[in-house]
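Undergrad: If you follow the hints, you should be able to join the two separate chains into one complex; please do so.
If you read the sequences in order, they're chains A and B.
So the working numbering is basically just the index in the first sequence, starting at one, shifted up by 3.
So the working numbering is basically just the index in the second sequence, starting at one, shifted up by 72.
No lab work stands behind these hints: they were computed from the structure.
Where a beta carbon is used, it is the ideal one built from N, C-alpha and C, also for glycine.
Possibly wrong hints are sitting among the right ones.
[Stated by the list, open to error] Which bits of chain B does chain A cover? Going by a derived footprint, with three or more residues having C-beta under 8 angstroms, they are:
(1) 145–156
(2) 226–237
(3) 304–314
[Stated by the list, open to error] Computed, partial: chain A to chain B, Cβ under 8 angstroms:
(4) LEU101
(5) ARG110
(6) GLY116
(7) GLU122
(8) ARG133
(9) THR146
(10) GLY149
(11) TYR199
(12) HIS201
(13) PHE256
(14) GLU268
[Claimed, not checked] Cβ-to-Cβ under 7 angstroms is the rule here; a few derived chain A residues that face chain B:
(15) LEU36
(16) CYS48
(17) MET97
(18) SER124
(19) HIS125
(20) LEU126
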Amino acid sequence: MSPADFVAARRAAEQKDHSLRDKRVGAVEAAELVRDGDHVAIGGCLYSRTPMAVLREVLRRRPRGLTLSRSLMCYEGDLFMVAGAVECVTTSWMGIGLPWGVSRTLRHCVETGQVRFDEWSHLALGLRYRAGAMGVPFLPTLTTLGSDLLEAGGARTMDCPFTGEKLCLVPALFPDVAVLHVHRADRHGNAQIDGYPHMDADLARAARVVILSAEEIVGPDELRRRGDATSIPFFTVDAVVEAPFGSFPHECFGRYHADLDAIGEYGRAVAERGVEATDEFLERWVWTPQTFADYLALFGGERLDLQRRRAAELLA
Amino acid sequence: MTGPASPWTRDELLAVSASRLLRDGKVVFAGVGTPLVASILARSTHAPELTIVVEGGVVGPDVKAGQLPISTNEMAAARHAMMLTGITDTFLLAQRGFFDYGFLGLAQVDPYGNINSSLLGPRERPKVRLPGSGGASDIASLCGEVFIVTVHERRRFVERLDFVTSPGHLGPGLARREAGLVFGGPSRVITDLAELDFHPETRRMRVRALQPGVSLALVRERTGFELEASRPGALAPPTEAELSALRALR
Numbered sequence: 004m005s006p007a008d009f010v011a012a013r014r015a016a017e018q019k020d021h022s023l024r025d026k027r028v029g030a031v032e033a034a035e036l037v038r039d040g041d042h043v044a045i046g047g048c049l050y051s052r053t054p055m056a057v058l059r060e061v062l063r064r065r066p067r068g069l070t071l072s073r074s075l076m077c078y079e080g081d082l083f084m085v086a087g088a089v090e091c092v093t094t095s096w097m098g099i100g101l102p103w104g105v106s107r108t109l110r111h112c113v114e115t116g117q118v119r120f121d122e123w124s125h126l127a128l129g130l131r132y133r134a135g136a137m138g139v140p141f142l143p144t145l146t147t148l149g150s151d152l153l154e155a156g157g158a159r160t161m162d163c164p165f166t167g168e169k170l171c172l173v174p175a176l177f178p179d180v181a182v183l184h185v186h187r188a189d190r191h192g193n194a195q196i197d198g199y200p201h202m203d204a205d206l207a208r209a210a211r212v213v214i215l216s217a218e219e220i221v222g223p224d225e226l227r228r229r230g231d232a233t234s235i236p237f238f239t240v241d242a243v244v245e246a247p248f249g250s251f252p253h254e255c256f257g258r259y260h261a262d263l264d265a266i267g268e269y270g271r272a273v274a275e276r277g278v279e280a281t282d283e284f285l286e287r288w289v290w291t292p293q294t295f296a297d298y299l300a301l302f303g304g305e306r307l308d309l310q311r312r313r314a315a316e317l318l319a
Numbered sequence: 073m074t075g076p077a078s079p080w081t082r083d084e085l086l087a088v089s090a091s092r093l094l095r096d097g098k099v100v101f102a103g104v105g106t107p108l109v110a111s112i113l114a115r116s117t118h119a120p121e122l123t124i125v126v127e128g129g130v131v132g133p134d135v136k137a138g139q140l141p142i143s144t145n146e147m148a149a150a151r152h153a154m155m156l157t158g159i160t161d162t163f164l165l166a167q168r169g170f171f172d173y174g175f176l177g178l179a180q181v182d183p184y185g186n187i188n189s190s191l192l193g194p195r196e197r198p199k200v201r202l203p204g205s206g207g208a209s210d211i212a213s214l215c216g217e218v219f220i221v222t223v224h225e226r227r228r229f230v231e232r233l234d235f236v237t238s239p240g241h242l243g244p245g246l247a248r249r250e251a252g253l254v255f256g257g258p259s260r261v262i263t264d265l266a267e268l269d270f271h272p273e274t275r276r277m278r279v280r281a282l283q284p285g286v287s288l289a290l291v292r293e294r295t296g297f298e299l300e301a302s303r304p305g306a307l308a309p310p311t312e313a314e315l316s317a318l319r320a321l322r
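So here's chain B without its partners, still in its complex pose (with noise of 0.2 angstroms):
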C-alpha cells in the first residue's frame, strides 16, 4: 500500500514486485513504462545476466541511467544493444521459445488472466477506444511466462471483458491448450495491493500475497470479481538497496 507517509511509490512498488519475479539467466521481453524498468531493477540487484528484449528490435540493451526510454522503438531503447533486428522477427523469436518472460500492462482483466487493451463498449461503435494491442497479444500468446503488472482497480478488474486483446487463461481448464496455444501463459499478477497467481484448475485468479500494509478485504474490495484466497502470504516491503537503485535509473 502506498501512502502519503509510505516511504516508496505506487510505480516504484510495482517496479520492485515485477523486478524480483525476474531470475538471473532468463530472457525477459519488457515494454516501456514498468516492466522496463522492473527488469533494468533485477539487472542491477539479483540479475545481472538477465537478457532484456525490448520490442523494437533489440536484444541485450544496457540502458543509461537518466536516459529510460519512453518509445520502444527509439534509439535510447537501443544502446549498447548485442543485435538490432526487425519486429517481425524479434516477436518470431518470442514464437520459436526463446524469451522466458513477458510482461503485461491492461485496461481490463478477467478472472483467467485475459486482458483488455483495445475497447470498451461495442466493438462495431466503441465507447472509448483505447491505443491497441501493440505487441500485447503477441506476449501473451508467445512468451514462457507472462506477468500481468497493474494498478489494482475495480474498473480494471472485472468478471467479463467487453473484448478480449490478449489471451490468458481463457477459461477454466484446459481452455488455452484448446485455442491451440500449447505453451506460456500468465503466472502471476502484480498489482500495488497483492500479488496473484492462478488456480491449477479453475484457472481463475486468487491472491498469493499481499503488498505491505494491505489487508485482504481491501484487495476483495478494489476487484470486480470473486477472488479465491486460502491464506496468502505478505510480501516484503521494497529494500533500501531496490529503492536507490531504482531512483538511480530515473
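Just chain A, same shape as in the assembly (with noise of 0.2 angstroms):
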C-alpha cells in the first residue's frame, strides 16, 4: 500500500471487527501483530509516552525492515536501528535529549547508508497522520514552503484553487501498526490520555493496526463516566496491554517522571561508545530481561517510587 493509499486504507478499516470484544492479551502476543517490513508508528513524543513495554516485546521478535516513524524518536530509534530492525526512521528530529546532543549512534547509522533518515518538519509529520486520521490522501499546509525539507520527504506544492496562493501539500501517513501508550483503557480498547495528547489520536485512527497498552485497566463502566476523556475509539483498536510503568524510564503525565539519571546513564554512554553503548543497552534492557517485570526490577521499586512522588509533585 503507498502511504497516501486512501481508498486501501478504508477498506482495511472497514474490514476490522467492529464489535465490542475484550481485546486484552500480553505484550508478547500483542508484538505479534508487528510483521517484517511494516510500518510501525510509535505513540508519544521524545521521552513522554513511548510505549516500551511493547516496544521490547517487538524488539525481542528480532523484526527485520521495519519503518519506524514517531514526531520526535528518542533512543528508542537508537535500539532498533543496532538491532538491525530499521530501514528507514520516519521523523522531525531525533536524538536522546538536549543535554546530550545528537546521538552517535543515530550518526552512524544514517552516515553509514544502513538506515534512511526521512525528515519532515513536526507539523508536516503531524499533518500527515491527520489526513490518514480522516481519510484523505492529502493535507495542504503553509509550513516548510522554499525549504528542502519540502521536497526532500516527497511533498508537493500546488496553486491553491480558490486563491492561488502557493499551497504545500503533504501526503496522508497510513501506518500498518501504532503502537501507543495511554492511562486508561477498558478491555474493548477505548483509551483515556491525561496531560500531553502529543499525536496519538490521530495515530490510532491513520494505522492500520493499533496495540495499545494502558497504565490502568478500567471496567467499560468507569471509563464511561468520563465519556469526554476518551480520546481514541475502541473499534481503532486491536489490542490491549495492562502495562504499569509501561513508559518507564520515560515519563508518563501525572503518573511518574522521567527517570533522567537512566536516560542520561545511556546518553553519555553513547556519547562515549556510540554503536557498541547502545548494543550494551539491547542486551540490558532488552535481550536479557526475559518480562517486563524483569525490566523493571532492573531500576528498582524506590526509583519508580521516586518518580512518582516527582510526579506528584509537578501536579501539586
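TA: Written as C-alpha cells, this is what we have:
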C-alpha cells in the first residue's frame, strides 16, 4: 500500500472486526501483530509516553525491514537500528534529549547508509498522520514552503484553486501498526490520555493495526463516567495490554516523571562509545530481561516510587 | 563579548539580549534552552503578560525556578499551563497567525536567514547527520516574527547552506513571498557578538548593534559571508536585575 492510498486504508478499516470484544492480551502476543517490513508508528513524543513495554517485545521478536515513525524519536530508535530491525526512520527530530546532543549511534547508522533518515517538519509529520486519521490522501499547509525539507521528503506544492496562493501538500501516512501507551483503557480499547495528547489520537485513526498499552485497565462503566476524556475509540484498537510503568524510564504525565538519570546514563554511554554502548543497553534492557517485570526490576522499586512522587509534586 | 573576567556567561548574554526583543502582551513560541529561558526572563522583568507557548502542546505554562524542562514534551514544561493540546494543533495555531514571535537556533545560517539543522555534506549520504528540524521549519514558516539566537562562529555563518531546513528570507527581494510564505520571516539575529537584522531589499544580514566590548572587525572575522554595517550601535550590557532574575531560574 502506498503511503497515501486512502482507498485501501478505508477498506482495511471497514473490514476490521468492529465488535465490542475483549482485546486484552499480553505484550508478547500483542507484538506478534508487527510483521517484517511494516511501518510502525510510535506514540508519545521523545521521552513522554513511549510505549516501552510493547516496543521491547517487538524488538525481542527480531523483526527486519521496519520503518519507524514518530513525532520526535528518542533512543528507542537507536535500539531498533542497532538490533538491525529498521530500514528507515521517519521523524522530525531524533536525539536522546537536549543535554546529550545528537546520538552517535544515529549518526553512525545514517552516515554509513545502513538506515535512511526521512525527515519532515514536526507539523508536516503531524499533518501526515492527521490526513491518515481523516481518511484523505493529503492535507494542504503553509509550512516548509521554500525549504529543502519540502521536496526531500516527498511533499508537493500546488497553486490553491480558490486563491491562487502557493500551498504545500503533505501526503497522508497510513502506518501498518501504531503502538501507543495511554493512562486508562477498557478491555475493548477505549482509551483516555491525561496531560499531553501528543499525536496519539491521530495515530490510532490512521493506522491499520493499533496496539495499546495502558497504565491501568478500567471497567467499561468507569470509563464511561468520563466519556469526554476518551480520545481513542475502541473500534480503532486491536490489542490492549495492561502495563503499569509501561513507559519507564520515560515519563507518563501525572503518573511518573522521566528517570533522567537512566536516560542520561544511556546518553553519556552513547556519547562515549556509540553503537557499542547501544548494543550493551540492548543486552541489558531488551535481550536479558525475559519479562517487563524483570525489566522494571533493573531500575528497582525505589526509583519507580521516586519518579511517582516527582510527578505528583509537579502536578501539585 | 564574554571572557574570563566577564561578569556574565555567553549563555546569559544570549538569553538577556533575546529577552529584550519580547514585548509585553504578545505570544512567543519558545523551544527549550535559551529561547525558553529568555521568555521566562522577559516575563519576570519587563513583560509579565507575555504568553509562552511550548511545542509539546503547552499554552501559558508557569515554569518553576529550578525546574527548567530539557524537553518541550515533559511535565515540567506544562506546569500550571492554561491549556494542554496536541502537537499538530499547537503548530496549527501558529499557522493561523496567533504566535507573534518564534525563536530558532541552528547549525548553519546563510546571509538570508535560512537555517540548516538537518545535515552537513551531500544529502544522500551526509557527512554529519544532525537531529533534524523538529518544529524549527514550522516556526520559521509560520510565526509572525522570528528571532535567530546563536553563538557567533564562522563555521555557522556560511554563504551557502548544505540544506535549507528552515526558510528565512530565502533570497533577495520577494523570494519568501514567491515561495508561498506570505507572512513572517526572520527579523533579528542575536549572537554573543552582535544583534543583526536584514536589509529590506537585498534581505542580507547586516550588523545593527555590537555586544559590549566587541568590535565590528571581530564580527566580520567570525562571519563566513560579507556583512553590511553602516554605523552599528552598542547593546547595553546585562543589568544586575536581569542577571539575578536569570540566575534565580537555574
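Undergrad: Does each hint hold? Answer for all of them.
TA: Status of each hint after checking the structure:
| no. | hint | verdict |
| --- | --- | --- |
| 1 | 145–156 | holds (count 7) |
| 2 | 226–237 | holds (count 3) |
| 3 | 304–314 | violated (count 0) |
| 4 | LEU101 | holds, 5 angstroms |
| 5 | ARG110 | holds, 5 angstroms |
| 6 | GLY116 | holds, 6 angstroms |
| 7 | GLU122 | holds, 5 angstroms |
| 8 | ARG133 | holds, 6 angstroms |
| 9 | THR146 | holds, 4 angstroms |
| 10 | GLY149 | holds, 3 angstroms |
| 11 | TYR199 | holds, 5 angstroms |
| 12 | HIS201 | holds, 6 angstroms |
| 13 | PHE256 | holds, 6 angstroms |
| 14 | GLU268 | violated, 15 angstroms |
| 15 | LEU36 | violated, 25 angstroms |
| 16 | CYS48 | holds, 4 angstroms |
| 17 | MET97 | holds, 6 angstroms |
| 18 | SER124 | holds, 4 angstroms |
| 19 | HIS125 | holds, 4 angstroms |
| 20 | LEU126 | holds, 4 angstroms |
Comparing the model with each earlier hint shows violations of hints 3, 14, 15; every other hint is respected.
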